Amino acid sequence: NAGVMQNPRHLVRRRGQEARLRCSPMKGHSHVYWYRQLPEEGLKFMVYLQKENIIDESGMPKERFSAEFPKEGPSILRIQQVVRGDSAAYFCASSPGQSANTGELFFGEGSRLTVL
Amino acid sequence: AQSVAQPEDQVNVAEGNPLTVKCTYSVSGNPYLFWYVQYPNRGLQFLLKYITGDNLVKGSYGFEAEFNKSQTSFHLKKPSALVSDSALYFCAVRDRGGGSYIPTFGRGTSLIVHP
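So the protein lines, in turn, are chains A and B. Per the working numbering, the very first residue in the first sequence carries number 1; after that it's consecutive. Per the working numbering, the very first residue in the second sequence carries number 1; after that it's consecutive.
Take these hints with a grain of salt, some might be off.
As a list, the in silico DSSO-like pairs of lysine-lysine whose alpha-carbon atoms are at most 30 Å apart [claimed, not checked]:
| no. | chain 1 | residue 1 | chain 2 | residue 2 |
| --- | --- | --- | --- | --- |
| 1 | A | Lys44 | B | Lys77 |
| 2 | B | Lys69 | A | Lys44 |
| 3 | A | Lys51 | A | Lys27 |
| 4 | A | Lys51 | B | Lys49 |
| 5 | B | Lys49 | A | Lys27 |
| 6 | A | Lys71 | A | Lys27 |
| 7 | B | Lys58 | A | Lys62 |
| 8 | B | Lys49 | A | Lys44 |
| 9 | B | Lys77 | B | Lys22 |
| 10 | A | Lys44 | A | Lys62 |
Hints were generated in silico from the structure; no laboratory data involved. Predicted model, so just to flag it, every value in this text is computed and none were measured.
The following block holds chain A by itself, in its conformation from the complex (with noise of 0.2 Å):
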C-alpha cells in the first residue's frame, strides 16, 4: 500500500518562474493538507483540500499561491512568479474521511523548493 506521493522531491526555479508541486494521497484517503517547513520556524499549515473543494486556505499566501484536489488525480500546490523567501520544503499530507478519521497525518516525504 504505497504512501503518500510527492513529486518532485527537489525543484529548482529561478525568481519569476512558476513551480508546481503533486502530491498523490494514500489509497483510501480524501483529506490532504500542505505544509511548509522553513529552518527554524517548524511546519507551518498552509491549506486543507477535500476532493474539488479548498475546505481551510487561511494558512495560504493571498498572492502567488494556490492549491487544487481534483476529482481525478493529485493535489496540486502551485507557486507563480516564485521569489527566494519561497525556498523551503512543502509537505503534503493525508488522512481518511471524517468518519474513519482518528487525527493522525500520514506525510509524503517532501518537495524541497530552491529558488535562485
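For this one, chain A is given, so just place chain B on it according to the hints.
Relative to the frame of chain A, chain B by itself:
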C-alpha cells in the same frame, strides 16, 4: 484557537540514558495530541497519539508520552535513548470538538543522542 509550545530547540542526552522532550498545548476544548519524528531530508512519521483514556500512551520505537491535563502537557519520553533516536521531534494538537481537522504543530525539538 489552538497552539503548541516546545520550549527546547535542542535536547542532548547520552546513549542509554532516559530522554524527555517537552510539549505544552493550548486548546479551547479537549485535545487530540500527537508526536511525530522527522529524520534528515525525510517526511514526518507518526509516533503516538492521545485521544482519550489512559494518560500514558505507548508508541513506536519504545517511545511513550504522558498526558497531563492540569499542566496542559504531553511530554515525550523513552527510558533508554539510542543514537538512532537522533532526529527532529514535533508535537501537534487538534481541538477534538472544534470541527477542524487541521492539527497545529510545534516548532520542533532536535534530539541529539551521544554515543
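Structure-based check of all given hints:
1. Lys44(A) <-> Lys77(B): Measuring from Cα to Cα gives roughly 25 Å; hence the hint holds.
2. Lys69(B) <-> Lys44(A): 25 Å, holds
3. Lys51(A) <-> Lys27(A): 13 Å, holds
4. Lys51(A) <-> Lys49(B): 26 Å, holds
5. Lys49(B) <-> Lys27(A): 22 Å, holds
6. Lys71(A) <-> Lys27(A): 14 Å, holds
7. Lys58(B) <-> Lys62(A): Distance of about 41 Å is beyond 30 Å: violated.
8. Lys49(B) <-> Lys44(A): Holds. Lys49(B) to Lys44(A) sits at ~20 Å (cutoff 30 Å).
9. Lys77(B) <-> Lys22(B): Holds, at about 9 Å.
10. Lys44(A) <-> Lys62(A): 15 Å, holds
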